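Build the full structure now, drawing on both the sequences and the hints.
Residue-level listing of the chains:
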Amino acid sequence: MRTRTATAPSLRRRIALAFTATLAGAALVALGTEARAQSTAPSAVKLSVNGMVCAFCAQGIEARLKKMPETADLYINLKQKLVAVEARPGQSLPLDKLKAEVVEAGYEVTRAEPMTQTVAQLREQMRAQR
Amino acid sequence: MPLSLPAPPRCRTAVATLALAALGGTVAVPAAALPMASQGFWMVMGDADADDRKLSANYALTSRDALGGGVARFESPGHGATAMRSTRELATLSYTRLVHRWNLPHAQANLWFVGQLGGLRGEGLGEGTLALWSPAVLADWETTRLYAGGGVEAMRAGDWRRETAYARTGFSFYEVEYEEVQPWFILEVKRERERIPRAGAAAHDAAKTEWMPMLRLIHRRWFVELGARRDGAHLSFMWVP
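Residue numbers (my numbering), protein chains in the order written: chain A, 1 to 130; chain B, 131 to 371.
Think of the hints as simulated: they come from the structure by calculation, not from any bench. Some hints could be false.
Among the chain B residues that face chain A by a calculated CB cut under 8 Å, a handful are [said to hold, decoys possible]:
1. Ser168
2. Gln169
3. Pro235
4. Ala237
5. Thr273
6. His349
7. Val370
Since the structure is predicted, the reported quantities are computational estimates derived from the model, not experimental observations. Heads up, the beta-carbon is just placed ideally off N, CA and C, and yes, glycines get one too.
Set out below in structure tokens:
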């Protein structure tokens, strides 16, 4: 009996310590993931947009994306239904916001992916392929 | 074309609406795709030929709703046959609704509703201004190379009535970069019918059907159409300032 009462607080302390350590670990992992996400947030993004078939439609998308303070350059290709956006130096592009702007303009984003090229490089590549 | 209001109005409500429309800017249903801009933007539209002049503008309150207004002046469809010119002038407030949009992998299709309220005056319609209301439904489908669209519009003002139906189809000559001007060939067929009430006599019915080939030019915020009818040239435009 005496032994059991002596070890009970010790066991509780160990459980509490383990729980605290787990929580702290989870918090650190979460913080690390967020930090990694911020550091790898894209500076250039390619969007595939359904329904964007004419320049008069696309100018609505262009106007909305150019209003975003992060946007430095933008490229639209109607045939490829492609919109590419590049961020200003030192800034990143929030993908969710980009997609929301295109949807608000009345179109559907079927794919959004980071781009390693600059918009100028993509523009040249597309022109070369014509 | 200035729209001067008569001093003794037959309908005060119509005059008030007309005045509001004139203050608001402008109307008229454009016979083209996309009768409104993206949310938060204005669109200005115009049509001009030997018989019709329209100027309108609307502002997109949401991605699906726009409010606007406009003025128009047009001839009765029967004037060519009777050599009698029956000019109508109207001013309206308009509500444009994108009822549905289909964003397809290589195409876009839209269904639109345009409602107008305003005032109408003209020869054979009595003195003063008649209260006018007008619903219209438009539909269009297009890819980067093909276009098809059509619409019906009804106008009612007292016993006067007018219906317009049109269909358009066409193709672009080639693919372009977004920054370049894209030329299209469009063929339109339009049917107009008007019923003019006559005191103590049967109403007069007039109608005409017209075919018009057009060159459409699209460049980002500009959309211009140049057409040729039997009685002359036709110009229409849309512009997002």
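Practice item. Of all the hints given earlier, name the ones this structure violates by number, lowest first. Key: The structure breaks none of the hints.
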